[in-house]
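Number of protein chains: 2
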Amino acid sequence: MNKIYIIGVGLIGGSIALDIKSNNKHAKVFGIDTNDSHLDDALKLNVIDEKASYGDLKEADLVVLSIPVDKAVLELPKVLDAISDRALVIDVGSTKDPVCKAIENHKMRRNFLATHPIAGTEFSGPKAAIHGLFQKKTNIICEVEKTTFKLQEKALQLFSDLGMRIRYMNPEAHDKHIAYVSHLSHISSFMLGKTVIEKEKNERDIFDMAGSGFESTVRLAKSSPAMWTPIFKQNRENVIETLDEYINNLKQFKALMESNDFDEIYKEMQSTNHIKDILNGIA
Amino acid sequence: MNKIYIIGVGLIGGSIALDIKSNNKHAKVFGIDTNDSHLDDALKLNVIDEKASYGDLKEADLVVLSIPVDKAVLELPKVLDAISDRALVIDVGSTKDPVCKAIENHKMRRNFLATHPIAGTEFSGPKAAIHGLFQKKTNIICEVEKTTFKLQEKALQLFSDLGMRIRYMNPEAHDKHIAYVSHLSHISSFMLGKTVIEKEKNERDIFDMAGSGFESTVRLAKSSPAMWTPIFKQNRENVIETLDEYINNLKQFKALMESNDFDEIYKEMQSTNHIKDILNGIA
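Same order as they appear, the protein sequences are chains B and V.
FYI, my numbering numbers position 132 of the first sequence as 154, with every residue one higher than the one before it.
FYI, my numbering numbers position 204 of the second sequence as 226, with every residue one higher than the one before it.
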């Protein structure tokens, strides 16, 4: 796969481009983006080699669609309209059911592979792209059986070159579970940031009191609203369910505090402590 | 200050001991702990030089009280009973009003300085003690005017040697603000961990889907219940207030999701994004 088209040259698309370029000296990476300054930045940073447009996609061996999930469901059919039969198209979005549904009846469905690389940082744009972002990270692949076998093989080789391990899952299960282990964390972090900023808005010195624990829990509140709003919209029902359960657990904790039941609070924390073991191995 | 007594040889007390020993070759560090295996570990790891008991405190130049805050209010009066007039006693707890009240009328009040080093990790015990833990961290000092001037000077020299910067605050203000920038983060993290573990208890593979974002938001759920239960108990009213506000913000976010008001959700996240700037400088 020598002709690579990255649609959406941001953190994820840009980081894939960087690794492909260092793994394959024959690869030429083209960038497509509605944001011209991102394309210019990507060129300057050698994240891409050339700008391109949808008219060029017929030349592509690989197309990486790395744009917000609301845009992805609109653009993916156009991408599949524009490619040749040899092209592999992958997306990298944080919701999988809507994108799979959007092209389920497209005549080029077998050229598409739905993926979700569990990798990233709280930063965005081509300047956030880094080498090795995907090393030892999980890539979740959905509906693998709907992709041509030969293109599956190419995709797996690509992910292996990026250093990723693979998990297969159906789109509904992906969207349900990812709400718990990713989407809820983002809301929890944004609302924690909001709560503290509201309270302390007139006392900026207070943030001198914040330590690495606070920083860790609000890190995700730096994330891009343009990326995350459509994720919450597309995964609305699952996210509302996780929020309900989270809010209920917080209310129960508060009730224990109000009734001075600190023995039970101790037990609550102790029974959650084994998250240590569960998380063993997460970078 | 050559004779140092650490009461509670854990993460904080042990890390203070390590730094004092490398800064001052004449220092001899004695450990006092109700947990004998912690004392043995601390000896083996050279965190302390000798075991000691309260009867020895009359020899002390410096006593560091680094035990859970419920124990601190009980032990501090006994420590002040046991020391000589030249000793400086500091505590390092995450609540300051109860400990200050506990000794406000003690005849040795002027030998005590209430401090809260904003430093730590999610680990505990002497094995968690590390060199340099306090470098560039903030130390909050309460009621500085109630400590003998000469001992204030010694304390400031110690904190300067540890690499800390100083903020002065009254105990009530400390406890109110620290509820927002520390205690709430811990509850948020514990309840997030609980929510996900409850949901996914039969599907441990799901944690393969968890990325560094999830890890970051639940890191504090590894913290010690024995340390945190008494903190929540002592700072009960402030913590309940922060929980109320946090829960209300989460409910409001959920209501926006339910009414499909994603424009407002975008704005919510955007207006919290400047936590980036606020946190600049936090390690």
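Simulated from the structure, these hints should not be mistaken for lab results.
Note that the structure is predicted; figures quoted are calculated from it, not measured.
Hints are not guaranteed to be accurate.
Claimed, not checked - Below, a list of computed lysine to aspartate or glutamate pairs in the DMTMM-like style, where the Cα atoms sit at most 20 Å apart:
{"hint": "1", "chain 1": "V", "residue 1": "158", "chain 2": "V", "residue 2": "183"}
{"hint": "2", "chain 1": "V", "residue 1": "289", "chain 2": "B", "residue 2": "92"}
{"hint": "3", "chain 1": "V", "residue 1": "93", "chain 2": "B", "residue 2": "266"}
{"hint": "4", "chain 1": "V", "residue 1": "93", "chain 2": "B", "residue 2": "92"}
{"hint": "5", "chain 1": "B", "residue 1": "198", "chain 2": "V", "residue 2": "280"}
{"hint": "6", "chain 1": "B", "residue 1": "223", "chain 2": "V", "residue 2": "267"}
{"hint": "7", "chain 1": "B", "residue 1": "93", "chain 2": "V", "residue 2": "286"}
{"hint": "8", "chain 1": "B", "residue 1": "276", "chain 2": "V", "residue 2": "263"}
{"hint": "9", "chain 1": "V", "residue 1": "223", "chain 2": "B", "residue 2": "283"}
{"hint": "10", "chain 1": "B", "residue 1": "221", "chain 2": "V", "residue 2": "266"}
- Query: residue 158 of chain V and residue 183 of chain V: Cα distance at most 20 Å?
  - Reply: 11 Å, holds
- Message: Given the hinted pair residue 223 of chain B and residue 267 of chain V, is their Cα-Cα distance within 20 Å?
- Response: 14 Å, holds
- Between residue 93 of chain B and residue 286 of chain V, is the straight-line Cα distance small enough, at 20 Å or below? Judged against 20 Å, a Cα distance of about 19 Å means the pair holds.
- Item | Restraint status (C-alpha distance of residue 198 of chain B to residue 280 of chain V at most 20 Å) | With a Cα-Cα distance of about 17 Å, the restraint between residue 198 of chain B and residue 280 of chain V holds, given a limit of 20 Å.
- Are the Cα positions of residue 276 of chain B and residue 263 of chain V separated by 20 Å at most? 9 Å, holds
- Query: Within 20 Å, alpha carbon to alpha carbon, are residue 93 of chain V and residue 92 of chain B?
  - Reply: 54 Å, violated
- Message: Just to be careful, I want the Cα atoms of residue 289 of chain V and residue 92 of chain B compared with a cutoff of 20 Å; is the pair within it?
- Response: Answer holds: residue 289 of chain V to residue 92 of chain B is near 17 Å, not above 20 Å.
- Query: Is the Cα-Cα distance between residue 93 of chain V and residue 266 of chain B 20 Å or less?
  - Reply: 37 Å, violated
- Quickly compare the C-alpha distance for residue 221 of chain B and residue 266 of chain V to 20 Å and report which way the hint goes. Holds - the C-alpha atoms of residue 266 of chain V and residue 221 of chain B are around 12 Å apart, at most 20 Å.
- Does residue 223 of chain V pair with residue 283 of chain B here, judged by a C-alpha cut-off of 20 Å? 25 Å, violated
Checked against the numbered hints given earlier, the structure breaks hints 3, 4 and 9 and satisfies all the rest.
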